[in-house]
Amino acid sequence: MPFIPHTDDDIAGMLDAIGVERIDDLFDEIPTELRAKGLEGIPDGLSEMEVAQLLQARAREDGQALCFIGAGAYDHHIPAAVWQITTRGEFYSAYTPYQAEASQGTLQVLYEFQSMMTALTGLDVSNASLYDGASALAEAVLMAVRANRKVKNARVLMPRSVHPFYRRTVRSIVRHQGIELVEVDFDHRTGQTRVADCEAAGDEPFAALVIPQPNFFGVLEDVDALTDWAHARDALVIGVVNPVALALLSPPGDWGSEGADIACGEGQPLGMPLASGGPYLGFLCCTQAQIRQLPGRIAGKTLDADGKVGYTLTLQAREQHIRRSKATSNICTNQGLLVTAATIHMSILGAEGLERVAAACHANTSRLADSLCEINGVEPLFDAPAFHERALRLPAPAANILSDLAANDILGGFDLGREYPELDPALLVCATELRTDADIAAYREAMARALAIADAA
Amino acid sequence: MPFIPHTDDDIAGMLDAIGVERIDDLFDEIPTELRAKGLEGIPDGLSEMEVAQLLQARAREDGQALCFIGAGAYDHHIPAAVWQITTRGEFYSAYTPYQAEASQGTLQVLYEFQSMMTALTGLDVSNASLYDGASALAEAVLMAVRANRKVKNARVLMPRSVHPFYRRTVRSIVRHQGIELVEVDFDHRTGQTRVADCEAAGDEPFAALVIPQPNFFGVLEDVDALTDWAHARDALVIGVVNPVALALLSPPGDWGSEGADIACGEGQPLGMPLASGGPYLGFLCCTQAQIRQLPGRIAGKTLDADGKVGYTLTLQAREQHIRRSKATSNICTNQGLLVTAATIHMSILGAEGLERVAAACHANTSRLADSLCEINGVEPLFDAPAFHERALRLPAPAANILSDLAANDILGGFDLGREYPELDPALLVCATELRTDADIAAYREAMARALAIADAA
Amino acid sequence: MLIHEQSRPGRRATAQAPLTTADSSDLPTALRRKQRAALPEVSELQAVRHYTRLSQQNFSIDTNFYPLGSCTMKYNPRACNSLASLPGFLARHPAAPESHSQGIMACLYELQDMLKIVTGMHAVSLAPAAGAQGELAGVMMIRAYHDARGDHERREILVPDAAHGTNPASAIMAGFKVREAPTGSNGDVDIAALRDAVGPQTAGIMLTNPSTVGVFDRNIQAIAETVHEAGGLLYYDGANLNAILGKVRPGDMGFDVIHMNLHKTFSTPHGGGGPGAGPVGVSKRLEPYLPIPLVEQDGDSYRWLDEDDRPETIGRMTAFGGNMGILLRAYIYARMLGAEGMRRVSEFATLNANYLLKRLQEAGFQAAYPERRASHEFIITLKQEAKTYGVNAMDFAKRLLDFGYHAPTTYFPLLVPECLLIEPTETEPKEALDGFVEAMTQIRKEAEETPEKVKGAPYTLPLRRLDDVRAARQLDVAWKPASQPASQPTSQGA
Amino acid sequence: MLIHEQSRPGRRATAQAPLTTADSSDLPTALRRKQRAALPEVSELQAVRHYTRLSQQNFSIDTNFYPLGSCTMKYNPRACNSLASLPGFLARHPAAPESHSQGIMACLYELQDMLKIVTGMHAVSLAPAAGAQGELAGVMMIRAYHDARGDHERREILVPDAAHGTNPASAIMAGFKVREAPTGSNGDVDIAALRDAVGPQTAGIMLTNPSTVGVFDRNIQAIAETVHEAGGLLYYDGANLNAILGKVRPGDMGFDVIHMNLHKTFSTPHGGGGPGAGPVGVSKRLEPYLPIPLVEQDGDSYRWLDEDDRPETIGRMTAFGGNMGILLRAYIYARMLGAEGMRRVSEFATLNANYLLKRLQEAGFQAAYPERRASHEFIITLKQEAKTYGVNAMDFAKRLLDFGYHAPTTYFPLLVPECLLIEPTETEPKEALDGFVEAMTQIRKEAEETPEKVKGAPYTLPLRRLDDVRAARQLDVAWKPASQPASQPTSQGA
Ligand SMILES: Cc1ncc(COP(=O)(O)O)c(C=O)c1O
Ligand SMILES: Cc1ncc(COP(=O)(O)O)c(C=O)c1O
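Residue numbers (numbering that gives the first Met the number 0), protein chains in the order written: chain Y, 0 to 456; chain B, 0 to 456; chain G, 0 to 493; chain A, 0 to 493.
Worth double-checking, as some hints may not be accurate.
Below, a list of computed lysine-lysine pairs in the DSS-like style, where the Cα atoms sit at most 27 Å apart [stated by the list, open to error]:
id: 1; chain 1: A; residue 1: Lys-386; chain 2: Y; residue 2: Lys-307
id: 2; chain 1: G; residue 1: Lys-382; chain 2: G; residue 2: Lys-452
id: 3; chain 1: G; residue 1: Lys-176; chain 2: Y; residue 2: Lys-149
id: 4; chain 1: A; residue 1: Lys-452; chain 2: A; residue 2: Lys-386
id: 5; chain 1: G; residue 1: Lys-452; chain 2: Y; residue 2: Lys-307
id: 6; chain 1: B; residue 1: Lys-149; chain 2: A; residue 2: Lys-176
Please keep in mind that the hints were generated in silico from the structure rather than gathered at the bench.
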C-alpha cells in the first residue's frame, strides 16, 4: 500500500483497541445513502517508476524552446545551491512556523527575507510573502484604501502600463469591496504614464496611485514626478517593481521627495524557475506607519526564556486565524518555500551579483532589440529609456510570426496586440542574461525568415 | 573570486599578521627556477551559468537512447528519495568518519549497509565498500590467497564466464603478487562452467575458485556442485554476484554444503544510475573466519562513555593508515556516498521489492529474447536457465547491427564477439524493469529492419 | 547569527554573477539607485552552511511526527518533487504557446478530471493558489450566481463558529456579511439555530464536513436542505477532504462549491508556509463563473480557456494561472495512489485518528466529543489539567517538542477550551502513535508532579520558549545596517 | 535506532516495487533463494525520516569548519553536483557506443588536458578510482618501465617515514619492497640518508611535495637528481596539489609519475568516505603504460583508447573506466576556476594556513617546524600540553567537536608526537580561522584548569566519546535478526 505503513497485525490490533471490526465501521456516522459507491474514472495506481516514465514523456513533449518572452516571468540563472538547500526535507516538509521553538530555521529565513526585501525596496517593513505579484498588487490596493485616512473614497488610479494580467487579477479580487479602479492611459509615443495622463482621471480625490517600474513595456516611468504628484493629492503611492531591476533602479522608498508608501511585485526573478507560472512569490513592503494594515505573515525578532535571540510570527492580530472576519486579508498558506529559495538566492548573489544580472539582462535585451530592428519593418514601439523588455512594432501580424517562430522552437515574445489592440501588430521581447549572442542571432535569423514568408504571403 | 571569501581587508590583515608583504612571499621556499610561469592552455574561468550552458549542451549530445545493454551495469528505477537524501550536504560533504562522535550518520549507514549485504549474501560480515565490482573481485582474489592456510600456492581458478572486464581488472591489479589466474572454459552449449571444465585446470592445488552467479552470459551456474567440488580440494570459493539477482537466487552463504567463503560484486543495481560506469560500488563479504583478511573500512557497534549505542570504524589494524605496508590493501577513500544511496535504496525497496524488481527484469529479458528470436536467424546462444541477460546468436555481424540500431537510438546490447571471438556473431541483451512492452516491440522492429538491410547487403 | 551579520564588504566568493558587468550607462541617472541595497555579502560556502544549519533547526515531516490538526501533515513523496522538477516542466514559460505546452496541459486536464470525480462536482478550476484563495473564488462564484439572477439582497454568509478563520475572512473579501452558526454540544451544527438564521439575506453557508471539531456532521442533508430552501448555496471547505477521500463526496452531500487544499489531501509539501494550491469545484449552475484559466480537451490536444471563452468568469486569481508546480505534484501523487489508494488514504487516516483518540482516552485524556467517532482528526481538551495543575494546552504543546513530536494545533477551534486538535494522518505507523501517547502520558505525570517543568518547556531545542509579547511590543521585523553603510555607488556600466 | 529495528513483517509502504510480481517460475528451484533476505520492511516515510535524521548527526563541510589535514575539506560547489547529474549524463550506459558519448568524452578529454597542464606531465589517464588506486597504477607503471628495459632487479621503492599509509601499501601491492626514507629535523627529506639508500635495487621514490608535514621540500631538485642518477623514478603523491596549483608543477620538479586526488584539489565531495578519483599523469617515457581507457581526439570527434591501442598498458583499474561522475564534477569545477582561479586556490589555501599557524603560535601552541613556511597545511604538536596537563591530541580533537569544529587530523604523520595536522583550505573565511584559534585557546585554558573536562569530551554531540577498544574486542559488524525469522518463502512467480 503506497505510503501507508500498516501491517495486517497493526490493523487488527488497532481495530481491536478501538472496538470495531473493520475500518469501514469508523465511517458509520456518515449517512449510508451518501457513502460514495466508487471512484469510477480514477485510473488505477501506478508505481513511482511508471509515473516517472509518464511524466518524463510529458516533460519532453513541452521541449525546451529558446525563450524570449519576459512579460512578468524571467528566465534567470539560478545557482545550483538554491534548490538543493530549499528542498531539504526540513524546509520542504515543515508547516507554517506556528511553534516557533521548533521552527527557527523557517522563521529566521523569513526574517532575513524581510530584511532583504526592505533593503531592495528601501521601505521599512516587508511581509513574508503573498501568492504572486498580481495578487500582491491586489492586496496592496486593498491595504492602501484601508490605510489612507485622509482620502475616504476608494478610487485607485491604475495605469494601463501595469501588467495586464495584474490588472485583471486586481479587478477579480477587489471587485466586491467597493473599490473603483480608474484606468490611466499611457503616452503612445513613449509608453510612459505621464502626470497629465493621471490628471485626466479627474479631480476627485483618490486613495492611491499605482506606479509600475519598469512598466509592462519595459519602459521606465518618471517615478519621482508621479510620486510627488500623488502625494500632493494625499494619495498613497504603490510601486510595482521587479526585484532584480531594483539592483540598478531607484528603490520605491526613494521615489519623489517622500518615497512610495507601498511596494509590491513578483519575486520570481529571485531564484524561481519559470515553471509555467508558479509557484512564484508575491512580496509586499510598506512604511512603518502602515504595518498594521499589512496582510500576511510577519516574522519578528524576540528573545527566549534564557535571553537568547530568536524569531517568531508577530502581529498576528492582523491575521485571519486570530481576527477572523476583521483580518487584513484571508491569506493563510502563502509561498514559504519560495521565500526560502529567494533568500538563499539573494544571499548568494548579493547586491553586486544582482546588479550584474540586471545589467546583463538590460544589455542583452538592448542587443536583441537592436538586432531585430535591423530587419526591415521592425522598429522600436516607444521612444523612452527601457529596462529588461522592449516593445517592437512588427510589419506583419504578430500571432503568425510568433507561431512561425515557435515552429522553430523559438518563443519570440508576448503579442502586445492581444492586450493593447491599438498597438497591434507589436511584440514585447526580452533577453535575460541566459540568452547568448548565438541565441540572439538565431532569433534574428528566424524572425527575418518569418517576416519574409509573411511578406511573400 | 569564485569560492574564495577573502576581502581586500582580510588579505591585508592576514599578511600583516604573518609578517609578509604579499601572498607570493609565502611560496618563497620553492626554488625560484621551479615556479610555474603560467597555466597556458587552461581556459579562463566561467561563471556557473556559462558552465551550466556548456554542460547542458554536452549532456543533450549524448541523448537518452533506449538501452538494452546490461553487461554488468543495469538501468533500474531509482526511488526519488534515494538521491534527494544521499546528496544532503551532511552526507555529501563529510569525510571518512574518523571522528566517530561527529560522524554517527555515516557510521550508522555503513553498519546498516553491512547488515543488508550480509543478509543478501548470506555471509557473516561485509566491508563498507570497495571501488567497484571488478576491483572488489581483485581484492577477493588477494584475500582468498592470503586466507587459505591449507593451500600454499597462489593459483586461482577464474572461469571465462566471469565478466571479461572483471577478469582484465583482476589481472591488472594482482599481476605483481605472484598469483596465477587459471582460466576455466565454459560449456559452449549451455554457457555454464562445469566441474569438468574446472578439472581441466589440472591437479595442482589452488587457493580459490571464482564462481559468477549469474555469469556474464546471464546463465546460471551450478553453484552448489562447483562449491562443493572446490571445498573438497581445500580451495576457498569466491562468489561474484548481482545483488538484485540475490533477491531471487540462492545466496553465496547457502551454496553447496558449506557455503561460499567470500562474495563480491557490483552494487550499482542498488540505486546507482548508469552514469557512464561510475561511481559505482564494490562490495565484499566473507565468513567470520576471514574477517581479519577483509580489506577496506568496517563499521562496528560499540558504546559511548554513557553506555549509549554508537558506531565506529573498527579493526583498523587491517588498514593502510595503521599498518602501512602490512595492510590488507592500499584502499583508503572508497565509495561511501554510494553506500549511502544503496542503503536507502534497499531500505525503501525491502526484500520483497528487490524480488519484484528481479522478477520483472527476468521476465522482461525473457520476453525480449523470445521476441527477438522470432526473427529469422536470431536464436538463443545457450541452452540453460538464465537470469537478467540473454546471449543471442545473430545471422549478421554484430557490430554492424549494433551501429544500425544505435542510429535509431537503440543501444542493442553487448557485442559478445569482441570478448569471445568463438561466439561471434552474438549479442548479449538485457531488459530491466524499466523497459516497457512498447520498448521491446520497438527493438524487435528495429532489429528486423537492421537484419533485413544486412541480409540485402 | 543572521546571514547579514556574516557579511563583509567586498566579499563575494561565488561563481554566480556574470563575470563582467554589462553596460547600463544608458539608464537615466535620476532613475538609478544611488546606493547599493544592504544585501549580505558572503561566500557561497557561507550561504550553504548558514541555510543548511538553519534547516536543521526545523521540525518537519521528514524528521518528526507532526500531528498538527487541520493541516494534514503527511509524507510528501519525494517523487512528486523530482518529477515536477523535470527540466521540461521547469523551463516552460507561462506564456508559452499551446504547441509547447501539451505535456503539462495533459497533466492539468487529468487533474481537473480526477478532482471532479473525487469531489462529485461538475467542473473544476485549478487556478486558486491556496485554500484561502479557493475560498475567495468560491464565495465570489456564489455572489456571481446570485447577482446573475438579480438576487442582490443575498449578502450574508453563514459560517459555523468552529470554522477556520479564512472562511469568514474570505466571505468579507467577497463583500459579504458574516453570520456565525453555532455548533451543538455534540459537535454537529445546531440545526435549530441554523433554521432561525437563514432567510432571504442568505447567500450561502461555508462548512467543512467533517468539521474542524473532527466529527462528521450527521445532519448534513438537513443542513443542505435548509440552506437550499432558503435560497442559499453551500460552500465546502475542502481542507478536511483527507477524512473522506473515496468515502463520501461533497457533491453528493449537496454542496454547490468546494475548494480543495492539495497541500493537505494531495500531499504537496507545506514548505514552511506554502506554496499550496486551492482548486475549486462547482456544481453545474456555477460552472460559468469558474476562475480562469481552465484546460479543455479539444480532440487530440488541449487548449486554455480564458476570459474570451468564459465571459462570466470571476476572473483571474493570480497573474499566471496558479501554482503549477504544486498542481503537478498533486497530479503525480494522485496517479501513484489511483482509486484504491485514495480510498485507503481516508481509511487509514481515520483508523489512525480513532486509534490515537482511544489510546489517549484510555490514558486519561478527555475527548471534546467522547460520544463521537473521530474523523481524520479529533480534539482533546486539557481544561481539567489546566485547572488542576495550572498547566495549559500551550505548555503541553511546548513540552511535546522536547519529546521530538511536533505539537498538535492548539486553541483552535476556539470553542473548545484548552484544546489540542490532533491529526496523525495515514502515513504514520502505529509505533509513532504509541510513542505519542507515551509522551503525553509522561507530560501529564510531570504536570502533576513538577508542573513548573512543563511550563518551562521546551528544553532540548536550540532555543527555550520564545517571548511573543516582546516580539509584538518591541517590533523588529527587519535587520538594518548598524549605520547606513558608507555610500557604495552602484556600477555605472563600466 | 537501526532501520532494521523499525522493520515490521509485511510493511512496505512505498510506491517503488513493480505493482505485480512477474513470473520467474522458470528459475530452477535448486538455485532459488529459500528464505527472504532480512532487509528492513519500512515505509518510505520511515526510510526518509530515518536517513534524514541520521544525516543530521554528521559534521560536514556544509555545516562545519573541517580543518582535517591532508584531506582538503573545501567547499564542494553545488553546481558540480547538479550538472554532473543531468539526465543525459546519468542515463549513459558505460558500454554505449562512441556515437552516443561525444558529450561526456569531450569533458573527459578536456579534463585530461587540463590536468596535464597543471601538473606539467606529458599524458594523463583518468581511470583510477581514488588516490590509492592512482598510486597503485603509478608504481605499476614504474615497474612496467623497468621491466620493459629488462631492469628486473629494481624492486625497492623508497617512501619517506612521513608518507601517507597508502604509499607503502600501494608499493607492496605492485610487488615492491618498501624502504623508509627518514625526514630531517627541518621537515625536508634527509638527503644524506637518501643518498645512502639508493642503489641498483631502487625502482623509485614516492614523495609528496609539500610533504605531509606541511612544508615544501627545498631539496626537491637534489632528491630528483639523486634518484634519477641511481636509475630510479620519482612518484608524486598528488594529495597535496592544493598547495601548489598554478605555482609549481610536479613535472618541472622532475617527477615521472603523479596521481591526483580530484576529491581534494578539485573539490569533488568526500561523501563520507568516497567516491574519489585518482587520475595519473606521466612523463613521456611512461606514457605507453598508462591505465586504460583514455580519450583521444580524432578530428572532430573523440574515441576511446583501450588495450588494442595501448598494448603495453598496465590495464584496467575498474570494470568501466573509473568514477565518471566524479571526473565530471572535477571538470565542472576546473572550468569555473579557470587558470586564474586555480592559482588563487593555492594562494589562499597557503595564506589561510600560514595565518592560522601564526595565530596559533601567538596563542602559545608549538609548531612542529617553526622555522618553516606552512604550505596549505601545517602541524602543531601538543606534546607540551600532554606532558603538563595530561591532555593529549585526541582530547583536544574531541573537545573541538563541542565547539562545532571538526578536529584536525590527529597522530599523522606519526613522526611528530601528539600532532594535529591542520588544513584550513582556501574556502574558509578569516572569521572561521579566528574562531578556531579562540576555541583552541579556550581548550588549552580548560586543559590547564579542568583537564578532566577536556578528557571527557565531547559533551554536546548526540553521543559521548565512543569506546573503540570495545568495538574491536566485542566485534559486532552487522545486525542479525533476533531469531532467524520464520521462513518466508520467496514468491514462486505467482
Ligand atoms: C479548515 C481549513 N480551511 C481553510 C484553510 C486555508 O487554506 P490555506 O492555508 O491553503 O489558504 C485551512 C488551512 O490552514 C484549514 O485548515
Ligand atoms: C597524502 C595522501 N596520499 C594518498 C591518499 C590516498 O588517497 P585516497 O584516499 O583517494 O585513496 C591520501 C588521502 O587520504 C593522502 O592524504
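Now for the hints, and whether the structure bears them out:
Pair hint A:Lys-386 plus Y:Lys-307 does not hold up; C-alpha atoms about 39 Å apart against a cutoff of 27 Å. For the given pair, G:Lys-382 sits about 19 Å from G:Lys-452 by alpha-carbon distance, which is consistent with the 27 Å threshold. Under the criterion of a C-alpha separation no larger than 27 Å, the hint pairing G:Lys-176 with Y:Lys-149 is consistent with the structure, at around 26 Å. About 17 Å separates the Cα atoms of A:Lys-452 and A:Lys-386, which keeps this hinted pair within 27 Å; it holds.
Taking the CA atoms of G:Lys-452 and Y:Lys-307, the gap is near 19 Å; set against the 27 Å cutoff, the hint holds. Between the alpha carbons of B:Lys-149 and A:Lys-176 the distance comes to roughly 26 Å, so the proposed pair stays at or under 27 Å and holds.
Violation of the numbered hints given earlier is confined to hint 1; every other hint is satisfied by the structure.
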